[in-house]
Amino acid sequence: MPPTWQPSAWGKALTSSGDWTLALDGDTVTVTLGGVPIVTAVEDVEIVTVTRGLLWSRIELHVGEWVSRLYGTRSKDAAAFERAFAASLKALQLRQLTAEFDSAAHRASLG
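Residue 75 in the UniProt record's numbering sits at position 75 of the sequence shown, with consecutive numbering throughout.
Hint data in this document are derived by calculation from the structure and do not stem from the laboratory.
Hints are not guaranteed to be accurate.
[Unchecked claim] In silico DMTMM-like cross-links for lysine to aspartate or glutamate, where the CA-CA straight-line distance does not exceed 20 Å:
{"id": "1", "residue 1": "K90", "residue 2": "D25"}
{"id": "2", "residue 1": "K90", "residue 2": "D27"}
{"id": "3", "residue 1": "K90", "residue 2": "E43"}
{"id": "4", "residue 1": "K90", "residue 2": "D44"}
{"id": "5", "residue 1": "K90", "residue 2": "D19"}
{"id": "6", "residue 1": "K76", "residue 2": "E60"}
{"id": "7", "residue 1": "K90", "residue 2": "E100"}
{"id": "8", "residue 1": "K90", "residue 2": "D102"}
{"id": "9", "residue 1": "K12", "residue 2": "E60"}
[Stated by the list, open to error] Taking CB as the label site, the calculated pair distances span:
{"id": "10", "residue 1": "R69", "residue 2": "H106", "range": "16 to 26 Å"}
{"id": "11", "residue 1": "G35", "residue 2": "A104", "range": "18 to 28 Å"}
{"id": "12", "residue 1": "L33", "residue 2": "A79", "range": "20 to 30 Å"}
{"id": "13", "residue 1": "A108", "residue 2": "T30", "range": "36 to 46 Å"}
{"id": "14", "residue 1": "L33", "residue 2": "R107", "range": "37 to 47 Å"}
In this text the structure is predicted, and so the values were computed from the model without any measurement.
From the three backbone atoms N, C-alpha and C, an ideal C-beta is built for every residue, glycine too.
Put together the whole structure using the sequences plus the hints.
Below, the structure written as structure tokens:
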């Protein structure tokens with residue numbers, strides 16, 4: 001099961017954040033708002049901003065014109081998402097670089 005994040009019960013009540021969940025599964029990030037999932041490739045997320053508050057934090061995801069502002073998550077959970085997202089993006093970039101290197105090495109060995 002992929003790691004998920006959501007507002008805490010108190011965070012939801014005190015920030016009026018509504019129902020949302022955020023899941024990171026391999027190379028995709030899914031924001032579910034009001035039961036409607038929005039799936040995006042990790043590499044398509046242009047900006048991830050975590051704004052830490054005293055008790056709760058806000059996570060913002062920017063994908064093109066779409067901006068998702070997710071309020072009410074515990075600060076330690078928001079920090080965990082930020083680390084997990086960065087690790088996922090790094091792993092994706094490493095796989096892409098490895099594939100490019102392998103392709104270049106294959107072309108060089110044929111020439």
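Verification of the hints:
{"no.": "1", "hint": "K90 x D25", "in the structure": "holds (14 Å)"}
{"no.": "2", "hint": "K90 x D27", "in the structure": "holds (10 Å)"}
{"no.": "3", "hint": "K90 x E43", "in the structure": "holds (10 Å)"}
{"no.": "4", "hint": "K90 x D44", "in the structure": "holds (13 Å)"}
{"no.": "5", "hint": "K90 x D19", "in the structure": "violated (29 Å)"}
{"no.": "6", "hint": "K76 x E60", "in the structure": "holds (16 Å)"}
{"no.": "7", "hint": "K90 x E100", "in the structure": "holds (15 Å)"}
{"no.": "8", "hint": "K90 x D102", "in the structure": "holds (18 Å)"}
{"no.": "9", "hint": "K12 x E60", "in the structure": "holds (16 Å)"}
{"no.": "10", "hint": "R69 x H106: 16 to 26 Å", "in the structure": "violated (45 Å)"}
{"no.": "11", "hint": "G35 x A104: 18 to 28 Å", "in the structure": "violated (45 Å)"}
{"no.": "12", "hint": "L33 x A79: 20 to 30 Å", "in the structure": "holds (22 Å)"}
{"no.": "13", "hint": "A108 x T30: 36 to 46 Å", "in the structure": "holds (39 Å)"}
{"no.": "14", "hint": "L33 x R107: 37 to 47 Å", "in the structure": "holds (45 Å)"}
Against the hints set out earlier in the document, violations occur for numbers 5, 10, 11.
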